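Undergrad: In order, the protein sequence lines correspond to chains A and B.
Per the numbering used here, residue 1 is the first one in the first sequence, and the count goes up by one each step.
Per the numbering used here, residue 1 is the first one in the second sequence, and the count goes up by one each step.
Check the hints yourself; a few may be wrong.
[Claimed, not checked] For lysine-lysine, the following DSS-like pairs were computed, each having C-alpha atoms within a straight-line distance of at most 27 Å: (1) B:K30 / B:K95; (2) B:K271 / A:K373; (3) B:K25 / A:K393; (4) A:K353 / B:K250; (5) A:K353 / B:K56; (6) B:K271 / B:K243; (7) B:K56 / B:K25; (8) B:K25 / B:K95; (9) B:K271 / B:K250; (10) B:K25 / B:K48; (11) B:K251 / B:K271; (12) A:K393 / A:K373; (13) A:K393 / A:K353; (14) A:K393 / B:K30; (15) B:K95 / B:K56; (16) A:K373 / B:K25; (17) A:K373 / A:K353; (18) A:K373 / B:K95.
[As the list claims (entries may be wrong)] Coverage of chain B stretches by chain A, computed from C-beta distances (three or more under 8 Å per stretch; other residues unrestricted): (19) 106 to 115; (20) 149 to 162; (21) 230 to 238.
[Unchecked claim] Coverage of chain B stretches by chain A, computed from C-beta distances (three or more under 8 Å per stretch; other residues unrestricted): (22) 36 to 43; (23) 90 to 102.
These are calculated hints, taken from the structure and not from any lab test.
Since this is a predicted model, take the numbers as computed values, not measurements.
Note that the Cβ used here is the ideal one computed from N, Cα and C, for glycine as well.
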Amino acid sequence: MESVPKFVVSRLQRTAPDFGSHPDFDLLTAFSERSLGEGERGRVMEHIALCNDCREVLALALPEEELSAAVVPSSSGRIPAGWVGLPAFRWAVLTAAVAVAALVGVRYSHFSHSNATAESGAIQRNAARQESAVTTPIIVSPNSQSSSSVTEGTEAEVQSSPKSPEREVRRQQAAVSKGLSSDGSSVIAMNRNPIIVPGSGNNSDFDVVKAKDPVPSEAGSGIPIFSPNIPLQTSPAMMLRASPKWTVNASGNLQRSFDGGKSWETVVPMQIVPRQASMGSASPASGSADNSSEPAKSEPASTEPVVSKPAESLVFHAVCGIGSEVWAGGVAGVLYHSTDGGHEWIRVTPSDKGVGLTGDINGVEFLDPQHGKISTSSAEVWSTSDGAHSWQKQQ
Amino acid sequence: MSSTKTISDSIHLAVADLLGELHAKGECEKVGLSSETFAAILGDVAAKYLPASAGKGEARTFLISLRVEELALARACAAGHNTAWEIFLTRYREKLYLAALRIAREDSAARDLADSLYAELYGTSMRAGDRMSKLASFTGRGSLEGWLRTVLAQEFVNRYRRTKRLVSLDEEGEDGAQFAAPEPEPLPSPDSRLEFATDAGLAGLSAEDRMVLASYYLDGRTLAEIARMLGVHESTISRKVDKLAKSLRKKILAHMIGQGMTRRQAEEALKTDVRDVRIDIRRSLTQEPVGGTFSNKKAREIRIGK
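Can you make the complete structure from the sequences, with help from the hints?
TA: Printed below as a string of structure tokens:
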């Protein structure tokens, strides 16, 4: 990072003007949330550029996690997609996802059968866990050091590194205090990242990302078990990650960052289809044809875990993450919801009195896990006040 | 809360047009706000931010952009409606504490900060027999949650200033303040051309560029923080800082060379020690000193001293 001469910094400091008045709290909030018009934003910016008090307040008032990640128009080309963004690569990802899902289904079916015939459920489960620990390479993707790679500004980050550890600890403590990753299961569940394509195409080296077979559930509980003996998919540091930042890149891929935006990994939602799915108006699967390809579907349902399956080719336009809750919407009204930081997804189909959403979803905004709005290319605005169980189309 | 600004006819018309829609959208009935009360609130908010010359269309656009549900909730709380307070506390109590914890970084201080804000939100002070709730000043330009964080942040800054003025003698001694040498008389600048060139270079920057530079070099903010403040990607800020630093240096050099200095002289002048440069005491005192805010001093020293 280029530095400026000390003299310039001193002049920058001393040109602070005499302020008549500061922008009120509403204007500062609206500025921070980018909801001011051009003129007003310009005036507030003029003030903030010269007023370190207001910059301080703005910085302190930043949310713990971004409420809604920046939406990058697909035509902007601001983020270089590189070869990751090539259509061929996207198809390769999709194909790999389908292959993994099929493998997952076969393995799970095998496990369920053996589990039903075993005299001791516990012994069988242990054996299955060991089996499921076998990993299957699915994607060769860029970036062997995704957690530490910074495309630009590396020096600047080194310079500001004294802040980083403290902030990271505080972030994780806050996440734990919110119950996002304090329990072992939710942390370990991060291993179940369906398909991760680290980096955003700016990296030159490669890494093999592995996906694991699903892990069987505790009998009778319906909750998947995640054995601590399962080898980590990535580094231990990654296991502690919580509350990622979310964005959509120029190619319409969903991306998340666990290091404050230094590095991004592409996430392809793997839909979760509960055995006996019921989520109000939320549709668990994208279509019945998808369900039919699921081998484990015919097994007894009540106590078995959910099954991951790949979603169709997706192009997202907007994403919103609050803690572990993530909503992502895109082309053809596709809306996905994850309650565990993007590891498992459920497709949601908003409808109101039998009328469904039309157009592409261009905006997703949730104030909290219960209250949110989505806007579409056909100028529709849909809102929910019960965590996406029911929707109201606004007139 | 009634506005001191006159509500123009165009605002009245726009409010009348949209009142039914906004009243329903804001779920005003649920929190106990009548149409008339809400119309007055909308009129006040529009009059506060719109110029007197604003037309009906502009007023309509403005009113539609408001977060009316949160506006109604806040104003209903300010008016003392119990249902509104129940909704407010359910939605924001935990968030308010978490925001306070993030700002204060310590549990007891966070609780203290959050409690003091609750007192202000509820309205412990009285004016003309009415409780003065801080929520009555919320106008719905941004989210209520963001507004609460901003109010908390300002309160924290105010507290910091108050406690800073009451530093114990022991702390002063530890900081070496008791033995600090008197401020030397400002020295004249070694070369006024450097000041002129620098000021010209800085004056040529846009407000956003200047904000980025000040945040990075003066306040010691990280690239990620600046990016979040501006709602852009971190790499955008990284590129911008790099580009600005380079272009500013070039402009200053070119300006000085244009004033008759050789390149070598100009580059030497740019290396001038800050202590040799005349300090504008009056202007510096209008703001907190650079090292006195909440930013990590170490990080800034490392960055500036690089």
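Undergrad: Can you give the numbers of the hints that this structure goes against, from lowest to highest?
TA: The structure breaks hints 2, 4, 5, 15, 19, 22; every other hint is satisfied.
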